[in-house]
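S.K.: For reference, the chains in residue letters:
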Amino acid sequence: MKSELTALLATRREGYGMPRAFYNTDALYPEEVARIWQGGWLFAGFTIEIPKPGDYFTLNVDNTPVLVMRDDAGDVRAFHNVCRHRGTMLCRQESGHVRAIICPYHSWTYSRQGDLIACHGMQEELDKSKLGLKPIHTEVVAGLIYVSLSNSPPAFAPLRDEFGPAAKPQGFDRAKIAKIIDYEVPSNWKLVWENNRECFHCVRCHPQYFKANYDVYEEEFASDAVKKQMAASLARTQSKWAAQGIEITHTHGGLATFPDPDRNRWFAADRTMLAEGFDTESMDGKRVAPLMGDYADQDVGVLRMRSMPNFWVHASCDHAVAARLLPAGPRMTRVRGYWLVKEDAVEGKDYDLEKMLPFWHLTNEQDWDICKWQQKGVDSIGYEPGPLSTRKEYNVDAFIRWYLQEMRGGGVAAPQLRIA
Amino acid sequence: MKSELTALLATRREGYGMPRAFYNTDALYPEEVARIWQGGWLFAGFTIEIPKPGDYFTLNVDNTPVLVMRDDAGDVRAFHNVCRHRGTMLCRQESGHVRAIICPYHSWTYSRQGDLIACHGMQEELDKSKLGLKPIHTEVVAGLIYVSLSNSPPAFAPLRDEFGPAAKPQGFDRAKIAKIIDYEVPSNWKLVWENNRECFHCVRCHPQYFKANYDVYEEEFASDAVKKQMAASLARTQSKWAAQGIEITHTHGGLATFPDPDRNRWFAADRTMLAEGFDTESMDGKRVAPLMGDYADQDVGVLRMRSMPNFWVHASCDHAVAARLLPAGPRMTRVRGYWLVKEDAVEGKDYDLEKMLPFWHLTNEQDWDICKWQQKGVDSIGYEPGPLSTRKEYNVDAFIRWYLQEMRGGGVAAPQLRIA
Amino acid sequence: MKSELTALLATRREGYGMPRAFYNTDALYPEEVARIWQGGWLFAGFTIEIPKPGDYFTLNVDNTPVLVMRDDAGDVRAFHNVCRHRGTMLCRQESGHVRAIICPYHSWTYSRQGDLIACHGMQEELDKSKLGLKPIHTEVVAGLIYVSLSNSPPAFAPLRDEFGPAAKPQGFDRAKIAKIIDYEVPSNWKLVWENNRECFHCVRCHPQYFKANYDVYEEEFASDAVKKQMAASLARTQSKWAAQGIEITHTHGGLATFPDPDRNRWFAADRTMLAEGFDTESMDGKRVAPLMGDYADQDVGVLRMRSMPNFWVHASCDHAVAARLLPAGPRMTRVRGYWLVKEDAVEGKDYDLEKMLPFWHLTNEQDWDICKWQQKGVDSIGYEPGPLSTRKEYNVDAFIRWYLQEMRGGGVAAPQLRIA
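Protein chains in written order, with the numbering used here: chain W, 194 to 613; chain X, 194 to 613; chain R, 194 to 613.
Certain hints may be false.
[Unchecked claim] Below are the SDA-like pairs computed for lysine to any residue, each with C-alpha atoms no more than 25 angstroms apart in a straight line:
| # | chain 1 | residue 1 | chain 2 | residue 2 |
| --- | --- | --- | --- | --- |
| 1 | X | K404 | X | K321 |
| 2 | R | K323 | X | I574 |
| 3 | R | K195 | W | A220 |
| 4 | R | K565 | W | P297 |
| 5 | R | K420 | W | K327 |
| 6 | X | K321 | X | P347 |
| 7 | X | K420 | R | A348 |
| 8 | R | K195 | X | A214 |
| 9 | W | K369 | W | R285 |
| 10 | R | K361 | R | Y376 |
| 11 | R | K321 | X | C398 |
| 12 | W | K327 | W | P346 |
| 13 | R | K327 | X | G470 |
[Unchecked claim] So the derived list for chain X, only partly shown, Cβ under 7 angstroms to chain W, looks like this:
| # | residue |
| --- | --- |
| 14 | S300 |
| 15 | T302 |
| 16 | H313 |
| 17 | G325 |
| 18 | K327 |
These are computed hints drawn from the structure, not numbers from a lab. All values reported here derive from a predicted model rather than from experimental measurement. By construction, the Cβ of each residue, glycine as well, lies at the ideal position given by its N, Cα and C atoms.
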């Protein structure tokens, strides 16, 4: 680790936000990409996006194109989406289906397992076995696909152990993608996370969101009336859930603690109550689609899962809304929003996008707007990190501590080329 | 000061323009921002833009957002336009009115004096008195608002002593903004000034401008006929002006000397004659609005004021046209043009924008076009600084010497972060 | 030469493509501009573009504007297109005609020979003889104009000796420009060349192109049927060409070797056969314009010439298609395509652009698309240079070796300014 980076990381004052240089320094960004985005596990997408062998989707981690494909055996694999010959990008659509991966430049042909199977015109003595597509570590849990660009990724088992049981009843692996919306957020990716890690802003910024959840009601902010509601909500549904083997794990107001760098928790799943009158996270609280997964009843609260550095999902009884973050420069984050419903739900009959989308699409757009203006603010020489609320921003603090820990120890330094 | 900067500053040959590296070097620009734009006094706008307590306007100095507001006592104040909590930009409109400044993120609330008056959700023990908006040095003179981002700005009194009396009769502080036009000039800010500091180009580039003024008639370039006109113009109006306590200070042709680094004059005000047949700076020389300020008569010539690094104004008997420069990168300058008239003048009745705007709007656009093409030229390896006309470009030379002096001694070095 | 550059250049593995850093490193690009683009000879355009004294065209080599003009004596000259006074860009159109070059800023006036002939307003003692436009080395051969930004360009005579006789019968110097198309290729300039230096991709990418030529039929890839066609084609036309003094120099399939760094051949001209049924490089093989130059017969195959780093042309009996490359950043190349016909050919009567353009306009667009996707691929951390086909990519290897040789020894290092 270089001394300038070490010095920068030491400038954060405990209990405060991060200094300006963390959010707009051209030289820091590649270090983050190398240590965090090429170091850890990234949510890539859902298995239901690629049901059949040869189905694929693509994504870009910073400027590294990744191909995620179902192979002939039905397993999900990921590869670097570049030809081993001259480096041309192979699959250029966001998603599609192929019998084999044929490079559009010189027709080098790879199997769905990534093996180089033909390269007519090359010298005969070429050892094709050494020229297969470069594999990327891939893991699947409960319908979620994770990839890691690292040569030696961190252990995935802990996430699997937590997400697997938690996500099973939701049935992500037998769902349907009702809608994908891609957002460009003109903001550093860390601002997007800091925004996500507190609901301090919800009352002002998300009038529709904060009514559906108890997020803004940390113990000391909950009135007796609210506490009564929470208790009722908990009591009413807890018994049903127990019968279904579904556990309430977050039983009070306010956000559950996440991440937790001290316990190396870069992922978390929990289930919590929805507010009085909300059967699902919709504008009016009414269901917007048929029940998903194993749910026999709408009274299942909301399942929440997230993993650093790029995933979160809120899953109600009838639909789930996920977000996947990808960095695209020091001041640009690309977010993909996913809306999932029951596998066999039919648009126009079983659900209506005009009713399903607004709750989270509004929330998303409200948040990206915040991030945009915060970026403009932290770019200023007048910005000085302020104190975080110990009552409402404990998770922003946790995020910053997680980030600093990753940057100090994690990953591998970015390769640097400086000619001067 | 770093040795590379010192070395660069030494490359300018006396009597010549500045070498290429001064106009397009990414690494030089932040040094200029730090030393000049964050070091000196900047014209921000007019007091008449914010007549009532709570009225505000905003501007960006490079990427530092500044808020200028009239406080409850009626005084003009400037603040860093970022929240002391998480750094979000606060006031996002170009101008507006607020009862209090409420951060759109977490509702931290500041008085119009900049004091933090509410931050619900934060820990009780927070010392709000230390979390007011960061003030920016502000001065007002004759209706002009100046700000300085420096912690220890240069003395403002000398400017006040000169601008105050000179500007008083024009009545900038009891005028009306008839029009604002914002220009993006794809050019280094120094090229904009070099262009402004000579009228050598006026004959070719500003056919409408050079006829109204004696700028192109330095002593040796004035024919006997022109000299006679100047003398007549001077004689005719000088007596009237004396009676009004208004002094002609620039009595000959050619531009008045400005800036003058040897005498530390980064500001200057003077009054000079308009050409025969011009009552004001309009296309046909005819008045385009009612008399402004204290003027009892149209025969007041033209008042000119400018201050480094970002302001100039030409004020005729009936209207005034000002320019405010702000840098936005090594190759981008944002210029705001202001047209001012008498306070109670009514558009369509007392003045007509179609008659008032062209003279300076044309001049502006002609100049920005020059700057654009000059930028393309000085970017070339074929560019070599040429000799400046000792007869017509003495002020370009003066500007360069001022700039070099500021860069050598002034301000504070830009904070640099290099991780490699 | 700096040690980092030396180290980078050493990272290329023999027989493989170049590593990632060669294609997207901001710091490498100015070194390439300095050593290659400001070091060697660049094709600038055709003499027929500027038939009369005072005719000119302009181009930009990276960000250096160049003016090419026919002088009063009828000779072609090139100058830096910036004023010696303040550096303003002088001629701003892509082409035009002037009696004298008058700077639009202060009217400094240069003759068509580049001499400063007027600068009214400057001090009398100025030595105008030292302030003429900065000349750029210029050479003309067979109607092609070459310029070099170097102070001591490499010898031009070898190119002249080869291109002169080869190009004479085509009559580039007495042709007409039927069409110019400018392309922006979002790709490093070296990817454009690597694409150009092999026809391995032609079968897949250029269905119209590969049928017209024997480029894809290297000895070992030609079937007996194809070999028979080639022999027939050669025999049929060779006798005619001999009579005309036109020589077939490339008599077999596959691309002729070029460049050849071992023999310092950065240019090459040869003539080869067109495929059976192709009289010219058109979609259906049929002629699309009257015979050009000295040709008495359509059976002249195709003349091909190219020179590093920025020119190639394919000239058939009836028209010629050329390409001029100019770099515009690490990831941007500007390509101008030229279509030439006989001097007195009349559009709509003698030729029809709808028939003439598609063959090469398609080929161009197909290639730029390839380059775009290859750039996205080589930007990836997953890109690793692959083996080049010894049978089909010998010229890609040759190009890379030429490039490395130039970068190691050629030109002058870019001036670097780093302030930190």
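S.K.: Hint by hint, which ones does the structure fall short of?
M.R.: Hints 1, 5, 6, 7, 10, 13, 15, 16, 17 not satisfied by this model.
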